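Once you have looked at the hints, place chains S and G on chain X.
Chains as they are written, first to last, in this note's numbering: chain X, 1 to 290; chain S, 291 to 653; chain G, 654 to 953.
Derived by calculation from the structure, the hints in this document are not laboratory data. All figures in this text were calculated on a predicted structure; none of them were measured in a lab. Here a beta-carbon is modelled for each residue, glycine too, at the ideal position from N, C-alpha and C. Hints may contain errors.
To be verified - Which bits of chain S does chain G cover? Going by a derived footprint, with three or more residues having C-beta under 8 Å, they are:
| hint | segment |
| --- | --- |
| 1 | 373 to 380 |
| 2 | 390 to 401 |
Claimed, not checked - Facing chain S, a subset of chain G residues (Cβ under 7 Å, in silico):
| hint | residue |
| --- | --- |
| 3 | 851 |
| 4 | 852 |
| 5 | 854 |
| 6 | 855 |
| 7 | 870 |
As the list claims (entries may be wrong) - Some chain G residues judged to face chain S by a derived CB distance under 10 Å, without partners named:
| hint | residue |
| --- | --- |
| 8 | 849 |
| 9 | 850 |
| 10 | 853 |
| 11 | 860 |
| 12 | 862 |
| 13 | 863 |
| 14 | 866 |
| 15 | 871 |
| 16 | 873 |
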Amino acid sequence: MTAVATTAPPRPAAAARRKLRPAPLEYGRRTWLRAVMVVSFIFLYAPIVTLIAFSFNNSKRNVTWEGFTLDYYVKALNNTALHDTLINSMIVAFWSTLASTIIGSLLGVALQRFRFPLKGPYEGLIHLPIVIPEVCMAAAMLVFFAKFVGIPFGLFTITASHIAFSFPFVAVVVRSRMAGFDESLEEASRDLGANPWQTFFNVTLPYMMPGVVAGALLAFTLSLDDFLITFFVSGPSSTTFPVKIYSMVRQSVTPEVNAASTMLILVTLTVTAIGMWFQSRSGKKSVGHG
Amino acid sequence: MDKRKSIISIQHVSKRFGGSVTAVDDAHLEIEEGEFFALLGPSGCGKTTLLRMLAGFELPSEGQIMIDGQPMEGVEPDKRPVNMVFQSYAVFPHMSVERNVGYGLRVTGVGADETKRRVAEALALVKMEKFADRMPNQLSGGQRQRVALARALVKRPKVLLLDEPLSALDAKLREAMQLELVRLQQSVGITFVIVTHDQDEALSMANRIAVMEAGKVRQIAPPAELYEFPNSRFVADFIGKMNLFEGRVSGASGNQIVVDAKGLGRIAVPFSGSAQGDVGIAVRPEKIRLDRSEPGNDRIRLRGRVTEVAYYGDESAVFLEDSGGISVNVNVPNEARSTTPAFAIGDELWLSWNPADTLVLTA
Amino acid sequence: MRDWRKEKGAFAVFSLPGTFWIILFFTLPLLIVWVYSFCARGPQGQIIYDFSFDNYLRALEPIHLKIIGKSLGIAAVSTAICLLVGFPMAMGIAFAPPKWKNPLLVLVALPFFTNQLVRTYAWIAILRTNGYLNQALGGAYDGLVNALGLSDTLVSYSPPDMLYNQWAVIIGIVYVNLPFLVLPLYATLERLDKSYLEASLDLGASQQKTFLLVLVPLALPGIVSGTLLTFILAVGSFLQPKLLGGPDSEMIGTLIERQYKESRDMPFGSALSFLLLYSTFILLWLRSALAQRSKGADFA
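Next comes chain X alone, as it looks inside the complex (with noise of 0.2 Å):
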């Protein structure tokens, strides 16, 4: 009995290379629904893109294109109100961003980490601000400071109900990154002498910071993008960027409130776009920290 060799018979001289059909589960390389994704991703784009290209109408009335122009720019940017609701945006966006972050933070934390009494209860009103009807909170936040505290809208109250619906938000953001966390490094760092404090400051806090600037950057985008709440417990000398858009448009929709959206959009896009990169980034630094 010899060895069965297996020296095929000679191949057939130079076999085409064919384009393949796609497999049997291959969706996404069929035609049908390749064209269903483009007409629905067109769906998706296309009012924020003419939105943004008809900030450069040179019409007033923004009804039918007659030329590209800048000058609607310029005007929303001399806006004094304009300018000073987006400052207004911004202040309250800082503070509301620095207390929601540390406030989110310490909670993500202490849920991560501890068993008490009722934690289930307690867990289910700390996401309540995240799936409560905008609608209700806003009435809440108005009778609150209105009719209890009586204290007049500004940006205070805008503020404290900004930190209200987003610290929960970081809260899940940080808890879902400290799961990752090996407590073990804490207890390393006790058993080589270093007291609690010292030991949340060089092990746990580095750990936590990916999830912290995450929660931040949200807590930002949330509190800059808020209209309905912002909107019931503003005053007429302290609305914000989007408030200020939306009694513009109540108006009539011109270039400048264009132009004034399609800043908006640029500066929450470009803290998203940060977050996203310094996630990913992060997201291959923590493979070493192991």
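Using the frame of chain X, we list chains S and G on its own:
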């Protein structure tokens, strides 16, 4: 040997992914009707890809596949006369055992009465009749596998494909299922093609095995032939254990070649093919005999000292080193009922074997 | 996880700020609204603490019931359209070549990060009488008519009213909530073991049968969960009915806003708010109950 009808013809099939990864490289083989055929190889060798191409879930980049004389180009998986048992079994979690097994009949328009009858038959075949109304999450892994088998067999395919059927089972169950799969195949009489990385499985179950490495088919042969007459270092090493001595051919006469092998000196080995230049001289561990006194020179022999003994109950693996540092491993059956080992570490022994048991590896 | 009693100090530091804020600036306000919902409104708009269910009963009057019904109806239609549009999108991403998945997900999520107000009012310019859509349709119509030489016989394009009605509101709600449905749907489909689909095909079922008999049942928990969430969000919409809607499309959100801003009828607004809140809770409870049930049959 009378040639049985070829049921699967794989003709110069290659599969490339993403332009750079070649998963299957010019596979060319025939599988005969009624045989139990195994695709064997280490992970990543392309065996699963080849199986999936038979089922229709991957499309060959080059080449053609014919099943029962019909070309399979453009034939979707649901239209092929083959059925597959998936590695994860893929038993539908939202259907009972009976609905699972009848699924393939219902969706192809088989009537309710006939479906019921055939499902009962299939369940009896795998001894799962009592579980007809259970849901998959109430079954063990082995039971789910039987359901997957019944579900495929009820369709009466021409070929049954099995992807690593025993890898998820524990050792005892695995042994039992090996025998049962062979019994099943013989009673149903259809062609089975299994994919496995476990050589023991392939050797004990298959009529013929195709050994694959890095996309290429290295050797196709019945188990004994693969074991005793491997055609390459890879196959010799992958199937069973071996001891390898590198050497150079220094001469040939009749049906013998003369090789200068490291550690063995100049030896004459029966070999009917042609060989020149560098060759591998190999011998299986169970073919080597250990003696304290010098064996006759009709055997190939060398001296070594015992470095380790691993006891396995029915046999022991003895590891020796020769003066040149070459390591040899020998299987010694524990014939005498004794608690004192036959060989101790440090013993100086003679190793020898019949030249006819030598493997000459040219590839 | 440690017991809080073992590290009381640390626990206090980590949890007290959050607890303080949620109690003072969330729970307390809600409680006040709840109390107000049982009060009455005085002639000068002040609150009369006269416990009664009047406001709730008033909310169930036909005129208001109509609005509640309309909200549910609009939300239901919007959610259904989201599902119709979002499911193919989620499928397309889940079954796309691996290197396309992340870019596609980012593309779907990106609009979600832009301001909802901006995304909503963008539709005004598109849907109004001389908006982009009508311009495009009118231009195409006129072009076709002229090409066929029928400009004398057929009337010129009369733009339909696409804005300031419930359909504009629906389009707006679909537009704003689509990412909320696509992303969880994608997650569900991504987790699905593809060998179930392959097994179904292998056994002879066509692609369509495989979709209906295997893919949909196994993805159902995720589909239901995402749909309920989208519905909850849609019911509470404010900007879409306010900016895009007309007399036929008042929703609960705008009704509540009117009570607080124009009508200055806080007790009634509070009752409405809480009705919305109760329904939200019920739907959320339903969602988690269904999620718990499907956990029993482990599909992943």
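Provide an ascending list of the numbers of those earlier hints which the structure does not satisfy. Hints that this structure does not satisfy do not exist here, as all of them hold.
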